[in-house]
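Engineer: Below, each chain spelled out in residue letters.
There are 2 protein chains.
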Amino acid sequence: MPTQQFNLAILGSGGVTKAFLPQLEWLIAQPGSRKLNLSFISSSKKACYDFENGLCAETALEDLAASQQAFLSLLEVLNLLETSPHKAILIDNTGAQDVADQYPEVLKRDISIVTPSKKAFAGSYRLWQDIFAAEAASNAKVYIESSVGAGLPMIALLKNLLQSGDEIIKIEGALSGTLSSIYSSFAPVDGKGISWSAAVQKAKDLGFTEPNPRDDLNGLDVARKLIVFARLAGLSVESAYSIPIQSLVPKELEAVQSGEDFLQQLPEFDSHMEKARNEAEALGKVPRYVGSVDMVSGTVKVGPELFDKTHPVAGLKGSDNLVSFYTKRYPSPLILQGAGAGGDVTAMGLIGGIIKVTSELST
Amino acid sequence: MPTQQFNLAILGSGGVTKAFLPQLEWLIAQPGSRKLNLSFISSSKKACYDFENGLCAETALEDLAASQQAFLSLLEVLNLLETSPHKAILIDNTGAQDVADQYPEVLKRDISIVTPSKKAFAGSYRLWQDIFAAEAASNAKVYIESSVGAGLPMIALLKNLLQSGDEIIKIEGALSGTLSSIYSSFAPVDGKGISWSAAVQKAKDLGFTEPNPRDDLNGLDVARKLIVFARLAGLSVESAYSIPIQSLVPKELEAVQSGEDFLQQLPEFDSHMEKARNEAEALGKVPRYVGSVDMVSGTVKVGPELFDKTHPVAGLKGSDNLVSFYTKRYPSPLILQGAGAGGDVTAMGLIGGIIKVTSELST
Chain H
657 MPTQQFNLAI
667 LGSGGVTKAF
677 LPQLEWLIAQ
687 PGSRKLNLSF
697 ISSSKKACYD
707 FENGLCAETA
717 LEDLAASQQA
727 FLSLLEVLNL
737 LETSPHKAIL
747 IDNTGAQDVA
757 DQYPEVLKRD
767 ISIVTPSKKA
777 FAGSYRLWQD
787 IFAAEAASNA
797 KVYIESSVGA
807 GLPMIALLKN
817 LLQSGDEIIK
827 IEGALSGTLS
837 SIYSSFAPVD
847 GKGISWSAAV
857 QKAKDLGFTE
867 PNPRDDLNGL
877 DVARKLIVFA
887 RLAGLSVESA
897 YSIPIQSLVP
907 KELEAVQSGE
917 DFLQQLPEFD
927 SHMEKARNEA
937 EALGKVPRYV
947 GSVDMVSGTV
957 KVGPELFDKT
967 HPVAGLKGSD
977 NLVSFYTKRY
987 PSPLILQGAG
997 AGGDVTAMGL
1007 IGGIIKVTSE
1017 LST
Chain Z
657 MPTQQFNLAI
667 LGSGGVTKAF
677 LPQLEWLIAQ
687 PGSRKLNLSF
697 ISSSKKACYD
707 FENGLCAETA
717 LEDLAASQQA
727 FLSLLEVLNL
737 LETSPHKAIL
747 IDNTGAQDVA
757 DQYPEVLKRD
767 ISIVTPSKKA
777 FAGSYRLWQD
787 IFAAEAASNA
797 KVYIESSVGA
807 GLPMIALLKN
817 LLQSGDEIIK
827 IEGALSGTLS
837 SIYSSFAPVD
847 GKGISWSAAV
857 QKAKDLGFTE
867 PNPRDDLNGL
877 DVARKLIVFA
887 RLAGLSVESA
897 YSIPIQSLVP
907 KELEAVQSGE
917 DFLQQLPEFD
927 SHMEKARNEA
937 EALGKVPRYV
947 GSVDMVSGTV
957 KVGPELFDKT
967 HPVAGLKGSD
977 NLVSFYTKRY
987 PSPLILQGAG
997 AGGDVTAMGL
1007 IGGIIKVTSE
1017 LST
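These protein sequence lines map, in sequence, to chains H and Z. The working numbering puts the first residue of the first sequence at 657, with every later residue one more than the last. The working numbering puts the first residue of the second sequence at 657, with every later residue one more than the last.
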C-alpha cells in the first residue's frame, strides 16, 4: 500500500488549537501508512503555510505570530489546498458561522472537515442537509465528534448503535458542564447547597461560564447539542428555536448585556430557585438541567428535571457531562459520562476525527 | 469500487447465535459496498453449509437441525473456507478452549475472527502474543469487543484512548452483571438489604448466575475481563492465576460441585458477609465487587471494595456493568455503563465487529 499524504489546514489559533498542536505533533510522529503534513494555520488576522515541507506543529503558533502573510478568506485557503496533489483536511477551530456556512463548498472540493464547532450542525436544518448531501457526493468526510461532549465519544456511540441496527427510543443528556457544576453546588446529593446566585458566581470564578453567565443559563447550548443528537438519530429538527427550552434566566434579566450586571441582580431571584430546590428535597430528589430526545413522539425538550439522589445524573461532579441512550436492544440505558469540556479532551476528539478520516480515505 | 464478498462461518448454535442470526439477517439486507454471505454454521454435532448461494440467516438453525452433515473439525472448516475465492470471517460462539487455541492458525490463513469468548484473550499470555503476531502478519483482523461488557463498547473506548495518544493511568470496573445484581440486593444504596445467601439465590432465580454460583463468586470471570483490559493497555499479565483475586467463595465450599449443595450450605456463612456490610454501613458506604488495573504500578487486582453511596459503581442496578478509565488527559474518569450481559447486546458486539472487519478489509 503506498503512503497516502494528507495536508492539514487549521483555522483558528485559540485555546483548542493550543491544546491540539502538541497532540497533533504526537500523531504525526506515529508510524503508519499515512503521512500527515501540517500545511496551513491561520488566526483572524494572519496566515502561515508551507505545502512542500510542512509547518512544525511544535512551533506553528510562534511561526504564525511571526508571519508576514495576511489573513486569507476560506475560499483562498481552499484554492491553496487544491494546488497540492494530496488529500486535505480542514480543522475548523474558529467557531465562526461564516466558515460553517461554507462546509458544503469545502466538501464539494473533496476536502474533509474535522471540527469541534456546533455552528454547522445545530443551525438551520437546510445547512445540515446541504453538508451531508455534499459529503455523500464527495470523496471527503466530515467529523463532528467533539461538537457534543468534547472528547467524550458520544456521537461515535450513537452512530455505532444506529449502524448496528439498534433502535433509539430516547436520548437523555446532562450536556452542559457549566450547568452541572452550578447545580452540584446549588443542590448537592449530600450536604447543604449554596444559594443559586452564589453557585453561578462560583462557576464563573472557576472559569466554567461564558463571560455573561446568561448565555449558559438560557439553555441554548444544551438545546444545540440535543439537536445534533436528534438529527443524527433521524429527526428533522428545524433549529434550536423550534424546540421548547426552559430558560433559567429570569425574564427581567434577559436583556442585561454585561456579565457583572447580570450577576449583581441575580440574587433577587434566588428565592424562586430555592423554592424549587425545597420542593425537590421534600420528594427526596434534586433538580438537574437536562435535555432529551424522544424518538417515539419525535420531540426534543430542554429544561430542569427532578432526579433521585442515586441517579447517575444527580451524582455528576465538577463539569462532567453524561448521556444515556435508551434503545430497543439494551435492557438498561447505555450511559457515557466524563469530562465534557476542556482543551485537551476537545483536542482528543479532533485527533480521533483525523484518525478516522485518514483511515477511511486511505486506499 | 467493486463489491467485496465476505463468507461468514458461525461456530456454535447456543443462545448467542440465536440472538445473533436475526441481527445478521438485518445486516445482510443493508445496502452497501460489501456483500455478506452466511456460508457455514455448526453445532457440536452437526454442520450445514452452502458457499455458492449462502444459507438463509432466518432459517439457519432449522436447516442445521435438519442437516445430514456431521460435525467438522475447525481445520476442516478452515479448508472449506479456503475453497472460496472470497474473504472469510469466523464467528466463534462456542466458548471452547480448543477452538481458541487455534486462532493463530485461523489468522495465518487470512481468515478474520469475531468472537464474544474470552478464552483466547484471558488465557496464557503466550496465546495472546501468538494471536496478535499472527494478525499483524496476516490480511485478517480479530475483533474481541464483546468479550468484555457484552455489547458495551468498552474495548473500543480503550482502543480509541490509546490510539489518540492518551495515557491510561488506571482502569476500574464492575464487570460482572451477576455480582452487581447480588450486591445490589445485598447492600442497596437505599433501603435494607437481604441476606447474602438470599441475594445469591435471587440472582440464580433470575437466571443471572452460572449453574453453580460458585463459578461467579470466585471472581475468575472478573479477573479474566481485567486481564483483557490490562493486556490491551500494555501490561504483560501471565494469566488469571498470576493476579490477586479475593474470592467470595468460603474455603469450606470451594470443592462443592453441585449448585444446589452450594446454595444449601451458603447461609452458614452469611454472618461473615453481614459483618462486612455493617462495617461499610458505619462508614456510610456499600461494598461492591470490582477489579482494577493500575498502569503506574503495573498491577491487576480483583475483590470487594467500599464505595460512597453516590458513586456510580454503588448505584449499579440489575446486571449492569461499569468501567472507568482514568487517563492523563481526562480531568475526570471516562465512565461507560449499561447492560453487560444478554444475548441481544452480545450479538450487537458481534455485528459491530463484522462491520469493522469488513470496512477495514474492503479495498
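I should point out that these hints are in silico values taken from the structure, not numbers from a laboratory. Mixed in with the good hints there might be a few duds.
[To be verified] Cut-off 27 Å, straight-line C-alpha distance, at most; resulting in silico cross-link-like pairs (DSS-like, lysine-lysine):
1) Z:Lys-702 x H:Lys-774
2) Z:Lys-797 x H:Lys-815
3) H:Lys-1012 x Z:Lys-691
4) H:Lys-815 x Z:Lys-860
5) Z:Lys-858 x Z:Lys-815
6) Z:Lys-984 x H:Lys-743
7) Z:Lys-941 x H:Lys-965
8) Z:Lys-1012 x H:Lys-984
9) H:Lys-1012 x Z:Lys-815
10) Z:Lys-826 x H:Lys-1012
11) H:Lys-674 x Z:Lys-941
12) H:Lys-815 x Z:Lys-701
13) Z:Lys-691 x Z:Lys-941
14) Z:Lys-815 x H:Lys-815
15) Z:Lys-860 x H:Lys-984
16) H:Lys-984 x Z:Lys-674
17) Z:Lys-1012 x H:Lys-815
[What the hints assert, rightly or not] Going by beta-carbon spacing under 7 Å, a handful of chain H positions derived as facing chain Z:
18) Ser-841
19) Gly-915
20) Leu-919
21) Pro-923
22) Thr-966
23) Arg-985
24) Ile-991
25) Ile-1007
Values in this document were obtained by computation on a predicted structure and should not be read as measured data. Even for Gly, the Cβ is constructed at its ideal location relative to N, Cα and C.
Engineer: Now tell me, hint by hint, if it's right for this structure.
Structural biologist: Taking the hints in turn, this is what the structure says about them:
For the proposed pair Z:Lys-702 and H:Lys-774, the alpha carbon gap of about 54 Å is over 27 Å, so the pair is violated. Our distance criterion of 27 Å between C-alpha atoms is met by Z:Lys-797 and H:Lys-815, whose separation comes to about 22 Å. At roughly 23 Å between alpha-carbon atoms, H:Lys-1012 and Z:Lys-691 fall within 27 Å of each other, so this suggested pair holds. Only pairs whose Cα atoms come within 27 Å are accepted, and H:Lys-815 paired with Z:Lys-860 is rejected, the gap being roughly 35 Å.
Annotation: proposed proximity of Z:Lys-858 to Z:Lys-815 is violated, straight-line Cα distance about 36 Å (limit 27 Å). Among the hinted pairs, Z:Lys-984 with H:Lys-743 is inconsistent with the structure: their alpha-carbon atoms are about 32 Å apart, more than 27 Å. Of the supplied pair hints, the one linking Z:Lys-941 and H:Lys-965 holds, its CA atoms being roughly 15 Å apart against a limit of 27 Å. Taking the CA atoms of Z:Lys-1012 and H:Lys-984, the gap is about 22 Å. The hint holds against a cut of 27 Å.
At roughly 13 Å between alpha-carbon atoms, H:Lys-1012 and Z:Lys-815 fall within 27 Å of each other, so this suggested pair holds. For a cut-off of 27 Å, the pair hint linking Z:Lys-826 to H:Lys-1012 stands: about 26 Å separates their Cα positions. The suggested pairing of H:Lys-674 with Z:Lys-941 is violated, with an alpha-carbon distance near 42 Å, which exceeds 27 Å. At most 27 Å may separate the alpha-carbon atoms for a hinted pair to count; H:Lys-815 and Z:Lys-701 exceed this at roughly 39 Å.
At roughly 53 Å between alpha-carbon atoms, Z:Lys-691 and Z:Lys-941 are farther apart than 27 Å, so this suggested pair is violated. Using a Cα cut-off of 27 Å, the hinted pair Z:Lys-815 and H:Lys-815 holds, with the two alpha carbons roughly 17 Å apart. Under the criterion of a C-alpha separation no larger than 27 Å, the hint pairing Z:Lys-860 with H:Lys-984 is consistent with the structure, at around 25 Å. Taking the CA atoms of H:Lys-984 and Z:Lys-674, the gap is about 17 Å. The hint holds against a cut of 27 Å.
Taking the CA atoms of Z:Lys-1012 and H:Lys-815, the gap is near 13 Å; set against the 27 Å cutoff, the hint holds. Here the hint on H:Ser-841 is broken, as its CB sits about 15 Å from the closest CB of chain Z, past 7 Å. With a least beta-carbon distance of about 24 Å to chain Z, the hint placing H:Gly-915 at the interface is violated under the 7 Å criterion. Annotation: H:Leu-919 was flagged as interfacial toward chain Z, and the flag is violated, the nearest CB pair being 25 Å apart, outside 7 Å.
Interface restraint check for H:Pro-923: the shortest CB-CB distance to chain Z comes to about 29 Å, outside 7 Å, so the restraint is violated. A hinted interface residue such as H:Thr-966 counts as satisfied when its beta carbon comes closer than 7 Å to some beta carbon of chain Z; here the least separation is about 5 Å, so the hint holds. Interface hint at H:Arg-985: satisfied, since its Cβ lies 5 Å from the closest Cβ of chain Z, which is below the 7 Å cut-off. Satisfaction of the interface hint for H:Ile-991 is found here, the shortest Cβ-Cβ separation to chain Z being roughly 5 Å, below the 7 Å cut-off.
The interface hint given for H:Ile-1007 is met, as the beta carbon of that residue sits about 5 Å from the closest beta carbon of chain Z, less than 7 Å.
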